[in-house]
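Novice: Take a look at the letters that make up each chain.
Number of protein chains: 2
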Amino acid sequence: MSRELRELKTLEEARRVLLAALPPRLRQGRFPGRPTDLAAAVGHPLADPITAPADLPPFDRSLVDGYAVRAADTFGASEGLPAYLELAGEVPMGAPAEVPLSANQCARIRTGGMLPPYADAVVMVEHTQPWGERSVEVLRPVAPGANVVRRGDDARAGDAILPAGHRLRPRDISALAGLGFAQVSVARPRVAVLSTGDELVPPTASPAPGQVRDMNGPALRAAAAALGAGVLDLGIVPDERAALHRALARGVEEADIVLVSGGTSVGAEDLVPEVIEDLGPPGVIIHGLALRPGKPAVVGLAGETPIFGLPGNPTSCLIIFRELVAPLLRSAAADPAPPLVHARLTRNLSSQAGRAEFVPVRLEQRDGDTVAVPLLGPSALILTLVRADGVIRIPEAAEGLEAGELVTVEPLE
Amino acid sequence: MSRELRELKTLEEARRVLLAALPPRLRQGRFPGRPTDLAAAVGHPLADPITAPADLPPFDRSLVDGYAVRAADTFGASEGLPAYLELAGEVPMGAPAEVPLSANQCARIRTGGMLPPYADAVVMVEHTQPWGERSVEVLRPVAPGANVVRRGDDARAGDAILPAGHRLRPRDISALAGLGFAQVSVARPRVAVLSTGDELVPPTASPAPGQVRDMNGPALRAAAAALGAGVLDLGIVPDERAALHRALARGVEEADIVLVSGGTSVGAEDLVPEVIEDLGPPGVIIHGLALRPGKPAVVGLAGETPIFGLPGNPTSCLIIFRELVAPLLRSAAADPAPPLVHARLTRNLSSQAGRAEFVPVRLEQRDGDTVAVPLLGPSALILTLVRADGVIRIPEAAEGLEAGELVTVEPLE
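Those protein sequence lines, which keep their order, are chains A and B.
Quick note on our numbering: the first sequence kicks off at 1 and runs consecutively.
Quick note on our numbering: the second sequence kicks off at 1 and runs consecutively.
Worth flagging that the hints you see were computed from the coordinates, not collected in a lab.
For each residue, glycine too, the CB sits at the ideal point set by N, CA and C.
You may find that some hints are simply not true.
Unchecked claim - Label pairs and their calculated CB-CB ranges:
| id | chain 1 | residue 1 | chain 2 | residue 2 | range |
| --- | --- | --- | --- | --- | --- |
| 1 | B | Q28 | A | E240 | 45 to 53 Å |
| 2 | A | S350 | B | E413 | 41 to 49 Å |
| 3 | A | E240 | B | P24 | 52 to 60 Å |
| 4 | A | N104 | B | Q28 | 56 to 64 Å |
| 5 | A | A249 | B | Q28 | 44 to 52 Å |
| 6 | A | P32 | B | E86 | 53 to 61 Å |
| 7 | B | G89 | A | G235 | 24 to 32 Å |
What the hints assert, rightly or not - Now the stretches of chain A that chain B is said to cover, found in silico as 3 or more residues with beta-carbon under 8 Å:
| id | stretch |
| --- | --- |
| 8 | 92-99 |
| 9 | 110-119 |
| 10 | 150-156 |
| 11 | 165-178 |
| 12 | 207-217 |
| 13 | 360-369 |
Using the sequences provided together with the hints, build the complete structure.
Specialist: Given below as structure tokens:
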């Protein structure tokens, strides 16, 4: 890992090396299932198939407000010649319907109420008339099963309900709640995020001279969450080997992907690659990219868990997240990358051959054409990125791009 | 509000009445701002414009690892004739750089370090060589400002950073963190959700005979969250006037939109419309829809807060949410409705003239054509909706649709 041995990789090489080193399940966007509350599970793929543990609904229920009857007692009823049924009682909501119906009896029932024993249909209240205190006139006949949903009509115990991999929608949540699942195991990637640097203070703190607020921690947490990942916030860690080792080890233990920003350039306290090596094989697989911004990036694995050492520079950090980390989360979320835009470059851009360069651009409409206006300036300036609509990439081989060239703009989230 | 006075409204009428009754800001998808942690603010529109409270970065910083210098001291330096600078010390990370540089002095500095007084550039470590213990050879000249980002280069105190209404992206979160915002006010709709019914138990509970698990609460919370809303969970409320009044009043107090499912059909305990009236003008504006499923829906306002009384039937509940509530949340989230699909109907469908009907369908490819296969069965069955790809709507005026007709399928989320 000496400085001389490092080899800057192009982005394509880095992607190839990373994909080859990832366990196949991560390469395919399959993350391990974790028990998750129903409310948080929506939008994520089921880790396991769901089978109905019991009948749904759990008993015969009325679909309307009216009277539970034995259907045969209503046959032939009409407005002119109603069927007269004795009112045997009322089905309470949320309690068993315990009074069985004898012939020519009925029971008042409400939508969702449980059918009493021997009742097999419900007459809508609109098709009845009270007749004294203890009887009801039924003005229309009903067939057996009318206005009733039977126990198990929705699902029977043991029915296959949803397959593994199915992405949960609100209506699935409804069904799962009805079946008694308060939690389900969904395959939502969990991303641990930490920032390293003695100069960093939390965004809430007032930085003293020489200190700056941590920008990458909040930005990476937001970026991971926006792609559907769960986030484990490991905070700010000083440039100190034991502390960094502890934090990264915890990330590897508890998360699927670990992101650490800062501490990766060639400096006195460049601990990230060393600590990645310490965490066990395979260790560092990429150290340095032939890319601007983003050169000081390091990628490794501890066992099957990828660790991304992202540059401390906030723009570089987000660009490398976008290029190397976001694709893994997108494939888990089945979230396509936003479509490309083609535009004419407004000015010449020079670049150093042998390394690629991302240049933020703003898109404008001019004379009915879409043009890409490069936003120049040091990549350390986050507001340049804030003002950009997308980035264009000057390839490794090129020494620049010319004004008027048609360029491909990758939109930024 | 007697039963006779109610008038079933078509969906179009209901939408018109609702839009006319909503305060203009809700009609336009503008919700009040609420202070929100940065991590939760991503994806939501800023309630207020953001102005830089201080300079960013807060001091001159090095962009590289190397030596802080007075640029003039390096003019003319080359590999053959290096400039020899005295090493005055090292800039500690996260602390002020207190040793001012005299002429022909330099200080070791790392990426992100604070420039010492009188330094105006940084020489990259790659362009230097140590010379004894106390001196450094500089092999290339640097211009003033080289490898330095100056205090305020990113933003100056008072600069306009982001306008009100701007939807926050991860890079904005980075900038806001750097500027010291731990919270920002974002206009994220807050939706209160409660379920009413004596028969309901939470999904975690084992229902006794006559009881069923609450499906609508979890489904509505998931549906609102999936459209970007914050959710206030008001749980399950018994069919009891005072309890329902308390819960709805709390929803009106703390949320922008209140959703209550159950308790709206014509039954002994149809409390929702009564309690909406009790909460003050304008009260109930819609009671009953000429729509299947979804007839027993009620909509009202307490002051400027809309209250939606959704049917207890889980399918009807989600359909009415989709038709009347989701558009308000979509407009806040600038989230377009999913595109329509055209397909041929596989069988005749009959319908009652005067009310519209939503029929869930599954889409299939047959002989190179997309066909819509109606999924029939009582709307109380949630698994019918789970299995559907979309819904078709039989208009009020029609008495049905014919096999082979080209129908418009609205995809279901």
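Novice: Now look at each hint and say whether the structure bears it out.
Specialist: The hints, checked one at a time:
Between B/Q28 and A/E240 the beta carbons are some 52 Å apart, a value that agrees with the proposed interval 45 to 53 Å. Checking the proposed 41 to 49 Å range against A/S350 and B/E413 shows it holds: the Cβ atoms sit about 48 Å from each other. As the Cβ distance of A/E240 to B/P24 is approximately 56 Å, the hint placing it in 52 to 60 Å holds. The hinted window of 56 to 64 Å between A/N104 and B/Q28 holds, with their beta carbons roughly 60 Å apart.
Evaluation of the 44 to 52 Å hint for A/A249 and B/Q28 yields a pass: the beta carbon distance comes to about 50 Å. Distance hint check: the CB atoms of A/P32 and B/E86 are about 57 Å apart, consistent with the given range 53 to 61 Å. Judged by the Cβ atoms, the range 24 to 32 Å given for B/G89 and A/G235 holds: they are separated by roughly 30 Å. Remark: the stretch 92-99 of chain A is confirmed as covered by chain B, as 6 of its residues place a Cβ nearer than 8 Å to a Cβ of that chain, reaching the required three.
For the stretch 110-119 of chain A, the proposed coverage by chain B is satisfied: 5 residues have a C-beta within less than 8 Å of a C-beta in that chain, meeting the threshold of three. Interface restraint, the stretch 150-156 of chain A with chain B: holds (3 residues with C-beta to C-beta distance below 8 Å; minimum three). Under a criterion of three residues with beta carbons nearer than 8 Å to beta carbons of chain B, the stated coverage of the stretch 165-178 of chain A is upheld, 11 such residues being counted. Check on the stretch 207-217 of chain A: 11 of its residues sit with their Cβ under 8 Å from a Cβ of chain B, so the three-residue criterion for coverage holds.
Under the rule that three or more residues need a Cβ within less than 8 Å of chain B, the assignment of the stretch 360-369 of chain A is violated, with 0 such residues.
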